[in-house]
Structures are given as structure tokens and as C-alpha cells.
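So you can see what is in the structure, the chains are spelled out below.
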Amino acid sequence: ETGVTQSPTHLIKTRGQQVTLRCSSQSGHNTVSWYQQALGQGPQFIFQYYREEENGRGNFPPRFSGLQFPNYSSELNVNALELDDSALYLCASSRPGTGGDEQYFGPGTRLTVT
Amino acid sequence: GENVEQHPSTLSVQEGDSAVIKCTYSDSASNYFPWYKQELGKRPQLIIDIRSNVGEKKDQRIAVTLNKTAKHFSLHITETQPEDSAVYFCAVLGTSYGKLTFGQGTILTVHP
Chain B
513 ETGVTQSPTH LIKTRGQQVT LRCSSQSGHN TVSWYQQALG QGPQFIFQYY
563 REEENGRGNF PPRFSGLQFP NYSSELNVNA LELDDSALYL CASSRPGTGG
613 DEQYFGPGTR LTVT
Chain D
818 GENVEQHPST LSVQEGDSAV IKCTYSDSAS NYFPWYKQEL GKRPQLIIDI
868 RSNVGEKKDQ RIAVTLNKTA KHFSLHITET QPEDSAVYFC AVLGTSYGKL
918 TFGQGTILTV HP
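These protein sequence lines map, in sequence, to chains B and D.
If you read the first sequence in the numbering used here, its first letter stands for residue 513, the second for the next number, and so on.
If you read the second sequence in the numbering used here, its first letter stands for residue 818, the second for the next number, and so on.
Calculated directly from the structure, the hints in this document are not laboratory data.
Values in this document were obtained by computation on a predicted structure and should not be read as measured data.
Just so you know, even glycine gets a beta-carbon here, dropped at the ideal spot from N, CA and C.
Errors might be hidden in some of the hints.
Label-pair restraints from in silico Cβ distances [unchecked claim]:
#1 Asn583(B) to Glu832(D): 40 to 48 Å
#2 Ala846(D) to Pro608(B): 20 to 28 Å
#3 Gln921(D) to Arg575(B): 22 to 30 Å
#4 Pro574(B) to Ser826(D): 28 to 36 Å
#5 Asn571(B) to His928(D): 35 to 43 Å
#6 Glu856(D) to Ser539(B): 22 to 30 Å
#7 Ile524(B) to Leu857(D): 17 to 25 Å
#8 Thr626(B) to Lys859(D): 20 to 28 Å
#9 Leu523(B) to Lys874(D): 37 to 45 Å
#10 Ile524(B) to Ser826(D): 28 to 36 Å
#11 Thr886(D) to Thr626(B): 44 to 52 Å
#12 Pro929(D) to Pro573(B): 43 to 51 Å
Simulated pairs of lysine to any residue, SDA-like, Cα-Cα distance not exceeding 25 Å [claimed, not checked]:
#13 Lys859(D) to Thr624(B)
#14 Lys859(D) to Ala550(B)
#15 Lys839(D) to Asp613(B)
#16 Lys885(D) to Gln556(B)
#17 Lys859(D) to Gly515(B)
#18 Lys874(D) to Pro825(D)
Kindly produce the complete structure, drawing on both the sequences and the hints.
Next comes the structure, spelled out in C-alpha cells:
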């Protein structure tokens, strides 16, 4: 069984730029959720994708957007980067029939905005 | 929205002692409660979970208890080992679309 993978591992961007982060779900998992984890805090829910559609959204502005592909992999896009966007971005996948509850995390992408 | 409070924020124990971390939540309709362990620079790892139709669940040295009436649940680690040192997060699943709301985390340090 293949675990959740994310790319890139680290990324440095300048304020105002755009970034795309990628996530491959665990084998057999069809739901992907994205979280933002600031230093010293718990992950904050951004949104979840199921069947290639956004299935729910947390308290994040529209400049955070995403996609899910037919193979269940997913992208997180952030436009007009702000300094406060610096964080660890985690994706988590869950398998069919669980209602998206048992979520298994990838290693994350560390984004630094300067 | 869901509000999750986690205590203590730091916990220091001697090897072999027990450790207990507690979380309270606000939405009485919540029905899934996982615990994650996150080592420095690593991904959160699901270590145990409990659903609302169960009061207690054990997996070797780890157990979770749930009190739905009081809206709190706890992680119990017995016979702690130095490799248990990490940040532990509780989480609560919302009533829709798989949103996990996390507690603030507990830094557990196990001294040899």
C-alpha cells in the first residue's frame, strides 16, 4: 500500500506570487483534505475534495483553491501570497465508505513567503 | 463551528509513568474522535481513534476514553517510553464533509 505523498518538500516564494502544491492520495483512497499548520499550532482545515469537487471549506479566502483529478490526486493553489501564508501545508486522504473520517496525512510542504 | 480545547499544553513524565491528555469539544453531534502524534518535522500520524458509539478503545499501551454527555475525551499512554516524546493532537470530526478540527496540541516529553 502506497502512503500519501506531497511535492515539493520545501518552497520559498515572494509576497504576491502564486504557488501550486501537489498531493497523491494513499492507494485506494478517494477523498483528499488540505490543512494549513502554522508553527506551534494544530492543522487548520482548508477544504476537502471528493469525486473531483470541493466537498466543504474552512475559513480560508477564495485565493486558496484546489483541484482533484480522476486518479484522486489533488492540487492546492494559493494566489497573491501573503507573509502569513508561511506554514506547513498538509494533505490527508481517506478511503471510500468512511465519510472522510480516518484521514492519513502526507509529509507536508513547507512554504515560506518572504 | 466546532471548538476543541486540549490540556495540558506541555506534559513531562518519567519513563514508565502514565500520561493523560484531555480534550473537550462543543458540538454534541460530533461522532468521530482521532488522536495524532507528530514528531518534529514529521507528518501527523493517526495513533488511535474512537467513535461515538464506543466508550473506550485500547491498542497496546494506548487507550482513548469518550464521555459524550460531558463532551470530552482523553488519551491515556501507559508505561511511557522516550520514543513517545512528541506533540499529540486531538481532533473532532464535524457533522459534515470530513472537516477535522484540531486541539492546540500537547508537547509530551518522556525523560529516561
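Requested in this report: Could you work out which earlier hints the structure fails to respect and list their numbers in ascending sequence?
Outcome: Hint check: nothing fails, all pass.
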